[in-house]
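Chemist: Take the sequences, apply the hints, and build the full model.
Numbering (this note's numbering), first residue to last: 1 to 181.
Incorrect hints may appear among the rest.
Stated by the list, open to error - Quick list of in silico lysine-lysine cross-link-like pairs, DSSO-like style, CA-CA up to 27 Å:
no. : residue 1 : residue 2
1   : 42        : 20
2   : 20        : 115
3   : 115       : 42
Note that these hints are calculated values from the structure, not bench results.
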Amino acid sequence: MRPIVLSGFMATGKTTVGRKLAARLGVSFVDTDEEIERASGKRVPDLWREEGEAAFRLREAALVDRFLAEASAGVIAFGGGTVTTRRTRHAALDRALVITLAASPETIVARVGAKVADRPNLALGGDPLARARELLDTRADAYAECHATLATDAVDADAIVDAVLAIAERAPIVVPLGSRT
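Modeler: What follows is the structure in structure tokens.
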């Protein structure tokens, strides 16, 4: 089985679904944000502030390359912006099944709640809902380049796991064409 990558905006359920999916399949689970924090000894918001987005994305891309190259790769939960780097996104599409988890801006902001300060990209501008809409719009083509998209607004994690497994069984192919994918 090739690795399964869960992509999508923050607070769409990538880590929650990823852990359950990996347990169901009996494979390893990696959250790229958690792995970056473990390897650097710093929290993602701190790295983001200290290094800036470009340096963070380079760190993230190197990590993703390593995990996609490992024969034991199981389920990988990407950070919300990982697929905004075209080379990283296309490497994942070539070597893994990429499922984008999606939710409305309202659902995302409700899930983040008071922890918006821990999400530096969402906190920019002071209006998390407006910022979520802006980022979702900016990233729409990158998120669309995937094997399948699953909405998580009103669906529990176990149902999403079932849907991912059904998609994996079909072994879909993808032609990355932005929103026309």
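Chemist: Are the hints correct? Go through all of them and say.
Modeler: Against the structure, the hints come out as follows:
no., hint, verdict
1, 42 x 20, "holds, 26 Å"
2, 20 x 115, "holds, 23 Å"
3, 115 x 42, "holds, 17 Å"
Checked against the numbered hints listed earlier, the structure breaks none of them; every hint is satisfied.
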